[in-house]
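*Asks:* Here is what each chain is made of, one letter per residue.
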Amino acid sequence: MMLAIPLGDALFTVAKVLFAVLGFGLGIAALLGWVERKQSAVMQDRIGANRASIFGITIIGLFHPLADAIKLLTKEDFVAKGARKPLHGLAPIISLGCGMFCLAVLPFGGVIEFAGRAWDLRPIALPMGVPLVLAALAFGVHGIVMAGYASGSNYGLLGALRGAAQMIAYEVCLASALAGPLFLYGTLDFSQAVQWQISHGVWGIAVQPLAFIIFLTAGAAVTKRIPFDLPEGESEIVGYHVEYSGMKFGMFMMTDFFESIVICGVVTALFLGGWAIPGLDLPSRGLVGGTLMVASFVTKVLLLLFLLMQVRWSLPRFRFDQVLGLGWKNLLPLALLNFLATTWAAYLWR
Amino acid sequence: MAITVRAVVRPARTFATEIYLVEIARGLAITFRHLFVNLFRHAMRALGVKGLLPGAVTIQYPEDPAVLGARARTRHRLLKRDDGAPRCTACLLCETICPAKCIRITAENAPDPMIEKRAKTFDIDLGMCVFCGYCVEACPVDAIHMDANEVAISSYSRKDMIWDMPELLGDKPKLSSKPVWS
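Respectively, the protein sequence lines represent chains A and B. For the first sequence, my numbering gives the first residue as -4, with consecutive numbering after it. For the second sequence, my numbering gives the first residue as 5, with consecutive numbering after it.
Hints should not be assumed to be uniformly reliable.
Quick list of in silico lysine to aspartate or glutamate cross-link-like pairs, EDC-like style, CA-CA up to 20 angstroms [what the hints assert, rightly or not]:
| no. | chain 1 | residue 1 | chain 2 | residue 2 |
| --- | --- | --- | --- | --- |
| 1 | B | Lys54 | A | Asp40 |
| 2 | B | Lys163 | B | Glu120 |
| 3 | B | Lys84 | B | Asp116 |
| 4 | A | Lys324 | B | Glu22 |
| 5 | B | Lys124 | B | Asp87 |
| 6 | B | Lys84 | B | Glu171 |
Label-pair restraints from in silico Cβ distances [said to hold, decoys possible]:
| no. | chain 1 | residue 1 | chain 2 | residue 2 | range |
| --- | --- | --- | --- | --- | --- |
| 7 | B | Cys136 | A | Lys70 | 37 to 45 angstroms |
| 8 | A | Leu298 | B | Asn153 | 43 to 51 angstroms |
| 9 | A | Leu153 | B | Gly73 | 39 to 47 angstroms |
| 10 | B | Cys136 | A | Leu298 | 47 to 55 angstroms |
| 11 | A | Gly51 | B | Ala16 | 37 to 45 angstroms |
| 12 | A | Ile55 | B | Lys163 | 42 to 50 angstroms |
| 13 | A | Gln317 | B | Ala50 | 38 to 46 angstroms |
Hints in this document: simulated from the structure, not taken from any laboratory. In this text the structure is predicted, and so the values were computed from the model without any measurement. Think of the CB as a built atom: it goes at the ideal place given N, C-alpha and C, for glycine as much as any other residue.
Turn these sequences into a full structure, and let the hints steer you where they fit.
*Replies:* This is how it looks when you write it as structure tokens:
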């Protein structure tokens, strides 16, 4: 089976996956560390981090992610006395791996005609991309619980329980919110969802606004960012990664950024028309169309990340019972009602 | 004066506030306004346009001087009489009231027959000082002030945190100490 794939296709797939995970994912994740500092600073009438310099050149603080990486890599990798060492090392890898994997399934572009053959711009072309992303995001909970359990600290374990309770609550909302739009699109494939939006000439956010809001809210909760950052709580709450230091801690931080990118990518694909640009027939334009597809998708993801970052720096944090109450008592029933209303409307409309 | 009570009306919990989204939008409107206004000011400043408010209230402290309030209590300063002699009469009131016990004065007879005593040495250990300002309040002859407008007082050893009388009078500059390992 594997041998039947031509070498060119295999290389192309590897290149696409490398671009999605390392180029796009790691690049944006590093950039987000800078955006987080600068955006919060400017909206709070501050200047923000601007001291990291190379030979006196600072370029508005862009070297700070680099300084972060160097610092995290050179710090002592401390493992507590009672820690279960193999699990302790495995936990951040699982967390980060789940986030990275999701990036490879996102539809960066459609199928273009170039050099006499068709090129599929999705890194991994799968007919069931949506449930795969949801499953991988849900599997990330294992990393958190493992981190709390393996750190040999009761505080870490409590933080892990908080994180697991919150993430499981919101994974349910995440999947339920997608039930409505996916029923309309009639597919579990990101590409076909984008195609549906193009052929109907309308973006998902217009036909499923409630699902959009629920998904974005639940997405913010799953990525454990403010106002839902109770599992980690930057400085004042003891979280699941309390016994982690150095790059292992950095991997947990990166996971948040990767998951944010994934959530924004899914929202873009299912609600904001994916790689489509209104009024342009991109698939028929060969290489230019393909470039525009990727550029359009990345731009939409970046704009969403900008919005999420602004939300993260504007809202106060919820109390833990409020977080779970919002998830189970408000968002989940709303998502299910939205699904019922969608099916009913589709039945009446047929 | 009669006591008046002002009833503060709590904001009503309407549907708009309960679903939270409207309030989020209002909050985001404020933060977005700040973001774009400040970005615009930063951009204009970078382009060299004058006359706009600064985009940030930050003071880049070590490069730009610290902005101190008019009543800020900073490093101590000993004052002199018109003839140049220190005003201090070694009454030990400041040493007595000092809660941190950081002032050490030794007295001697003054040559002026109208003045009983003067300070022979006057040391303040700024490493122990809590900057309460009691010494300034206690002084009957207005000999000590806390208005040197110097807040970056530091050294590499505890001994060098002690300022003696010529340094406090401004007759001798306080030499910055070297780290012990150099």
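*Asks:* State for each hint whether it applies.
*Replies:* Quick rundown of the hints versus the structure:
1. B/Lys54 to A/Asp40: 19 angstroms, holds
2. B/Lys163 to B/Glu120: 31 angstroms, violated
3. B/Lys84 to B/Asp116: Given that 20 angstroms is the threshold and the Cα spacing comes to 15 angstroms, the pair holds.
4. A/Lys324 to B/Glu22: 14 angstroms, holds
5. B/Lys124 to B/Asp87: 17 angstroms, holds
6. B/Lys84 to B/Glu171: Given that 20 angstroms is the threshold and the Cα spacing comes to 13 angstroms, the pair holds.
7. B/Cys136 to A/Lys70: 37 to 45 angstroms: Once the Cβ atoms are compared, 40 angstroms apart, the range 37 to 45 angstroms for A/Lys70 and B/Cys136 holds.
8. A/Leu298 to B/Asn153: 43 to 51 angstroms: Holds: the Cβ-Cβ distance is about 48 angstroms, inside 43 to 51 angstroms.
9. A/Leu153 to B/Gly73: 39 to 47 angstroms: 44 angstroms, holds
10. B/Cys136 to A/Leu298: 47 to 55 angstroms: Hint holds: Cβ distance 54 angstroms, inside 47 to 55 angstroms.
11. A/Gly51 to B/Ala16: 37 to 45 angstroms: At 57 angstroms between Cβs, range violated.
12. A/Ile55 to B/Lys163: 42 to 50 angstroms: For A/Ile55 and B/Lys163 the Cβ distance comes to about 43 angstroms; the hint holds.
13. A/Gln317 to B/Ala50: 38 to 46 angstroms: 42 angstroms, holds
In this structure, the hints that do not hold are numbers 2, 11, in rising order.
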